[in-house]
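Chains A and B, in that order, give the protein sequences. Heads up: the first sequence runs through residues 376 to 857, numbered per the working numbering. Heads up: the second sequence runs through residues 777 to 1090, numbered per the working numbering.
The set of hints was computed from the structure by calculation and includes no laboratory data. Given the structure is predicted, the values throughout are model-derived calculations rather than measurements. Some hints here could point you the wrong way.
Unchecked claim - Only some residues are given here: those of chain A computed to face chain B with a beta carbon under 7 Å:
(1) Gly579
(2) Glu695
(3) Trp696
(4) Gln697
Glycine is no exception: its CB is placed at the ideal position from the N, C-alpha and C atoms.
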Amino acid sequence: MTGDGAQPWLIRGARLLGGPATDLLLADGLIVEAGTGISARGAQVLDADGLIALPGLVDLHAHLREPGREDAETVQTGTAAAALGGFTAVHAMANTDPVADTAGVVEQIWRLGRQAGHCDVQPVGAVTAGLAGSRLAELGAMADSAARVRIFSDDGRCVSDAVLMRRALEYVKAFDGVIAQHAQEPRLTEGAQVNEGEVSGRVGLTGWPAVAEEAIIARDCLLAAHVGSALHVCHVSTAGSVEIIRWAKSKGWRVTAEVTPHHLLLTDELVAGYDPVYKVNPPLRTAADVAALRQGLADGTIDCVATDHAPHPVEEKDTEWQVAAFGMTGLETALRVVHQAMVQPGLLDWAGVADRMSVRPAAIGRLDGAAGAVRVPAAGHAHSSGRQAGGTHGSGSGTHGSGTHGGGSYEAGPALVHGRPLIPGSPANLALYDEATRSVVDPTMHASRSRNTPFSGVELPGRVQATFLRGRPTVLDGKLTR
Amino acid sequence: MNRHLISIADLNRDDALLILDTAEELAQVADRPIRKLPTLRGRTVVNLFFEDSTRTRISFEAAAKRLSADVINFSAKGSSVAKGESLKDTALTLEAMGADAVVIRHAASGAAHRLAGWVRGSVVNAGDGMHEHPTQALLDAFTIRRRLGRIDGLAVTIVGDVLHSRVARSNVLLLRLLGADVTLVAPPTLLPVAVSSWPCEVSYDLDSLLPKSDVVMMLRVQAERMNAAYFPTVREYSRRYGLDADRMQTLPEHAIVMHPGPMNRGVEIAADVADSARSTIVEQVANGVSVRMAVLYLLLGGAQAGGSQLEAAR
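With the sequences and hints as input, model every part of the structure.
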């Protein structure tokens, strides 16, 4: 059953954020009514009895590999994986080939996302040209492009030059940008393979000290404070990092942070078998780090969960450890892992999950409509968008207004906003999750083109039953609608 | 015993003693006019060497041949590896040729472990990166036992680049398993940060340990460490952590000096120490063949036939 935005849907009996059963009527891309006993009035009815309704998940950190490594993933397959994981928006990291360091490349990725249609794709722009770490990329051009880039990151590489980092943080203030730093001091991690500690000494793999991450985070927090800009810390992995971020936040500085699902569940003990499926950057850390990350996410020190979905073809993992690629897939398992790591131990309730996986990441990515939002181009105009002027911003409330048309090329439509509450007037972006089931992860069933999940063969709770993007189902009964 | 020998951690005390005792019996073959046993006739042993290591490769080759195995030597130089073939494809090729055992030396820690997942034959780790070199530890234990009559209760001091040493890792595990008290001595830069979790003592002071050491094992200082700020100069390293004749004088009379080779004479060990009566360096090489015979015998022959094949061969 495919349907489109024009087809109204009545979701019957979903538990909003895990609360009491509620009906949701979706029409014209919006939630138009919420309550009990809503009449179908010709809408398609989805029986969501017992399912938890969450706002569509937002991922701040995914590697969709297109352009350049279409053998590992494409925007099509990566967004399909995202939709199956309950996501309605993903941020695509800039380390493509060519690098997403110009307006042209970020617009290409943005358009590929529009065409794929499984979820919104928000490109992340590179901080430095070619990720080379020597001079700034044209950040303003990417911000002004149709893709409206707001997050900039050299992810995979650290902007280790303190002057360059300072300039980047300062420069993006002009367009409300944020620098997302991959915190890894390069000299301390030359040849590094696994967390430096008891396990690295035992297995004889070069250690990756926690201080290499923490030293950069501390420096960047101080720099962000000094220039009054916004810093986002990618994939925090150590207990010390959590402490530093907690301290920076206590000062009122504009610092946000993310943690990956795998760092919430897995430890470096898994490295002992030398299976590179566990090779990831930053590396898996110790049980004490995992506990601190969970606590940090629970108390809000860490703002959100981001997947760092990093697909790789088989031959880049079916090797000896040292030559294998870093990274794990994550989009299709993220919510289930958070369920196991955070919800089941009682560290987060479902409202908390919604906050950490939708509301806060949307706010950090400037997708929450607070600063004005892009509107959906009308069908037929999708390829004529050209440059998106600032004047196309909506009212910011996320409501279905008649719209302002700065460029004149857009029809009114629901705003491209995410992380809004599940109330009438919000865009109908949501995920329906069955918390009662459990199953073993089988990567051969994944939509991602790659199979490098560390959860292969692991039993995890839950299942994403359906995902809606602006009122249109992208996933029904756990399967893609197209 | 396990089907493979990848880490000393794969062995229990009985396994380790069985290897040493078997090696002791097999060592007698070396004293015979015909140094050959028919035990592994018709079996194929592949030496898969991705790193240059003439002494270890020759030792394994001699061991396999004395047991009458067919030996195929594969070295990375000039092979399909130079053309970019993966370790896995190389392994599958060897598998198709019917290797009963693969002896692997590789620069990547864990390479032997990975190989064991891809081939049906037994895998013997002949040194993987900075991880382990179990047959070196076994031949060292064998040498200690021959010279000093026992291992249990001995004080063994291992000196040098522990951080990067597969020999140190395997020796700490094995000598502890056999009851020795091991102390590591190194500049702090060349010790793993979590070395306190290892089953041994750690010291930065060589001189205080020598008078109470039964065994001193010197590790090689790799050339690539010399300019990477692990220590200021080779001269200072040698002065603080090298074993020269003066230091050797402070050892108990019965104490022995070991080195896995190849040595940097004048750096970690002085020439007159290396050539002294305390030095076991040449014996270690000879014992290496006996120990590797024992390992191949137990992995390939002994597993099915218990001890009977060895008995029959004698």
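Hints, verified against the model:
With its C-beta approaching chain B no nearer than about 3 Å, A/Gly579 sits inside the 7 Å limit, and its interface hint holds. The closest approach between the C-beta of A/Glu695 and any C-beta of chain B is roughly 4 Å, which is under the 7 Å cut-off, so the hint is satisfied. Hint status for A/Trp696 relative to chain B: holds, with the closest Cβ pair at about 5 Å, below 7 Å. A hinted interface residue such as A/Gln697 counts as satisfied when its beta carbon comes closer than 7 Å to some beta carbon of chain B; here the least separation is about 4 Å, so the hint holds.
Checked against the numbered hints given earlier, the structure satisfies every one of them.
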